[in-house]
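J.: These are the residues of each chain, in order.
Number of protein chains: 2
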Amino acid sequence: MAGEFDFIAWLRAQQTASALVRVPAGDDLAVLNWPAEDLLLVGVDQVLDGVHFDSAVHSPRQIGAKVMNRNLSDCAAMACLPAAAVVSAALPKGTSLEYAKELYLGMKEAGEAFDCAIVGGDTGSWAGRLALSLTILGRSAGVTPVTRSGAQPGQRIYVTGPLGGSVLGRHMTFVPRVAEARQIAATGRVRAMIDLSDGISRDLGHICRESGVGAVIYAERIPVHLDAGRMGRAGWSPLEHALHDGEDYEVLYVAEGEMPPETLGIFVGMTTAEPGVRLRTPGGGDVPLEVKGWEHGL
Amino acid sequence: MAGEFDFIAWLRAQQTASALVRVPAGDDLAVLNWPAEDLLLVGVDQVLDGVHFDSAVHSPRQIGAKVMNRNLSDCAAMACLPAAAVVSAALPKGTSLEYAKELYLGMKEAGEAFDCAIVGGDTGSWAGRLALSLTILGRSAGVTPVTRSGAQPGQRIYVTGPLGGSVLGRHMTFVPRVAEARQIAATGRVRAMIDLSDGISRDLGHICRESGVGAVIYAERIPVHLDAGRMGRAGWSPLEHALHDGEDYEVLYVAEGEMPPETLGIFVGMTTAEPGVRLRTPGGGDVPLEVKGWEHGL
Chain S
1 MAGEFDFIAW LRAQQTASAL VRVPAGDDLA VLNWPAEDLL LVGVDQVLDG VHFDSAVHSP
61 RQIGAKVMNR NLSDCAAMAC LPAAAVVSAA LPKGTSLEYA KELYLGMKEA GEAFDCAIVG
121 GDTGSWAGRL ALSLTILGRS AGVTPVTRSG AQPGQRIYVT GPLGGSVLGR HMTFVPRVAE
181 ARQIAATGRV RAMIDLSDGI SRDLGHICRE SGVGAVIYAE RIPVHLDAGR MGRAGWSPLE
241 HALHDGEDYE VLYVAEGEMP PETLGIFVGM TTAEPGVRLR TPGGGDVPLE VKGWEHGL
Chain U
1001 MAGEFDFIAW LRAQQTASAL VRVPAGDDLA VLNWPAEDLL LVGVDQVLDG VHFDSAVHSP
1061 RQIGAKVMNR NLSDCAAMAC LPAAAVVSAA LPKGTSLEYA KELYLGMKEA GEAFDCAIVG
1121 GDTGSWAGRL ALSLTILGRS AGVTPVTRSG AQPGQRIYVT GPLGGSVLGR HMTFVPRVAE
1181 ARQIAATGRV RAMIDLSDGI SRDLGHICRE SGVGAVIYAE RIPVHLDAGR MGRAGWSPLE
1241 HALHDGEDYE VLYVAEGEMP PETLGIFVGM TTAEPGVRLR TPGGGDVPLE VKGWEHGL
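In order, the protein sequence lines correspond to chains S and U.
Residues in the first sequence are numbered from 1 upward in steps of one, following the working numbering.
Residues in the second sequence are numbered from 1001 upward in steps of one, following the working numbering.
Keep in mind that a hint or two might mislead.
As the list claims (entries may be wrong) - Quick list of simulated restraints, FRET-style, between CB atoms:
hint: 1; chain 1: U; residue 1: 1010; chain 2: S; residue 2: 153; range: 25 to 35 Å
hint: 2; chain 1: S; residue 1: 183; chain 2: U; residue 2: 1262; range: 51 to 61 Å
hint: 3; chain 1: U; residue 1: 1234; chain 2: S; residue 2: 55; range: 34 to 44 Å
hint: 4; chain 1: S; residue 1: 226; chain 2: U; residue 2: 1056; range: 47 to 57 Å
hint: 5; chain 1: S; residue 1: 168; chain 2: U; residue 2: 1142; range: 48 to 58 Å
hint: 6; chain 1: S; residue 1: 33; chain 2: U; residue 2: 1153; range: 24 to 34 Å
hint: 7; chain 1: U; residue 1: 1183; chain 2: S; residue 2: 55; range: 41 to 51 Å
hint: 8; chain 1: S; residue 1: 183; chain 2: U; residue 2: 1223; range: 56 to 66 Å
Stated by the list, open to error - With a straight-line Cα cutoff of 25 Å, these simulated DSS-like cross-link-like pairs (lysine-lysine) come out:
hint: 9; chain 1: U; residue 1: 1093; chain 2: S; residue 2: 292
hint: 10; chain 1: S; residue 1: 93; chain 2: U; residue 2: 1093
hint: 11; chain 1: S; residue 1: 93; chain 2: U; residue 2: 1292
Treat the hints as calculated values from the structure; they're not laboratory data.
Quick caveat: nothing in here was measured; it's all calculated off a predicted structure.
Heads up, the beta-carbon is just placed ideally off N, CA and C, and yes, glycines get one too.
Based on the sequences and whatever the hints tell you, model everything.
T.: Next up, the structure:
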């Protein structure tokens, strides 16, 4: 089996050109020309074997794509333009060079779909399981970043697509809503935004807490994905899967006034002055929308 | 045991203010005001249990400090000013909140020593071992970044301190040479630079390959650390430990002409037109300096 430095030589040959990159991967750090007019957005998301993927089931190309797409989805949540990424890979001892290349190609292809170049990385081999950590840099590029904290009472809540049951497969194959989120934010009506990684019940809670508002969600307006109906969790309805499953990677946003019809968005509820997130049932009553989504325990 | 979101609340309370930070950690991405006059340098380094530290021996505060200091050392290698970092932590199931806080405090303290704020992160718990991955952003801040590729034949090679035997302890406690490297680069004489993470035999090889030069190192000029003499590897002299051990985190640089005496630097050799790295022994003969340092096998 070839060593790390052969892999690094291969990696360097894979690099795609980017107008931003002054010194590419291969030195101690990459050097970028950051556009003077752009804010810099930065964040990190990892994928861990047995948590975010199952290396016995998913291909390395899918796993690589997922770590990139999770980060691209964070760009969508802030309405920024993906610019560059760096990645670290902790590879189980005995990982083949071919497998490592497939991981990288999965990341690269997912990134290239959004002009996001991989400009650096760190590869190590260990007695542990497969872990990938990717850091993404985004540019504001003409759209003011949308945070979680700008919602006010009486505003409309939208989501960009059907929810629930993503564990049946979509959590590995989703396309991050980068382009749609930037179009949505460019309307100037959006006051808060988040990507739905942990379920609407938890993620809408983040917006409410950061913005100091509450929310009411109309049960019959939630777009329930067909996959939610195929889930077999005891005692859960398809609606509950749609509300709590997570890993949908759709975007939820709060807008002032009605969004134009050509903008992607399914109206699902309203922000309120009263704190807390409530579900309005067809019968008319409001019930607290409890957080049942997946919480990473420490 | 408290969940991830309690830890995140604690993390957010720890954040130190930074003039760069417009939206701090807590949203999908942090938002930074990048100085228009600065190049952006970015890279990632991870630390893995059993490879870069031993969780049975080292404290979480030491482990956290190491992942930050490895990245700060990359800033030293490029002569940039550390600006901000994001970090991902893969925590073994059952990790206590206290332990997680200690990891973070180790990173935070090491970063604050160089005004490097942690502006984002991702924490997950899994059935695997402890892995930390940190991405650092650096600013050129008035000093042109120094790469590995600018050396020419006939230039002087310096290192910033004694080498060898760091595994006896210094690999966890080193202070990255950020300030010294910027002073060195500010002289305008430095043509290539790298931090010594993998041993002079391997790391000088990187500079030679990237610059298209060779090098000769004078055996009697190598500053051998006392720890190198305390190493007991069969058949290795202290000099060999100094040349091959790695994890010294001193800086090696190539300069045009002699460096001023007030600049940190121990003269150890010269670049040559002839390719390859050679060791000149006191007896006068040159022998190829083979790479014996630690290579991460895949």
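J.: Are the hints correct? Go through all of them and say.
T.: So, going through the hints one by one against the coordinates:
| no. | hint | result |
| --- | --- | --- |
| 1 | U:1010 - S:153: 25 to 35 Å | holds (29 Å) |
| 2 | S:183 - U:1262: 51 to 61 Å | holds (57 Å) |
| 3 | U:1234 - S:55: 34 to 44 Å | holds (38 Å) |
| 4 | S:226 - U:1056: 47 to 57 Å | holds (49 Å) |
| 5 | S:168 - U:1142: 48 to 58 Å | holds (54 Å) |
| 6 | S:33 - U:1153: 24 to 34 Å | holds (30 Å) |
| 7 | U:1183 - S:55: 41 to 51 Å | holds (47 Å) |
| 8 | S:183 - U:1223: 56 to 66 Å | holds (59 Å) |
| 9 | U:1093 - S:292 | holds (20 Å) |
| 10 | S:93 - U:1093 | holds (21 Å) |
| 11 | S:93 - U:1292 | holds (20 Å) |
Checked against the numbered hints given earlier, this structure breaks none of them.
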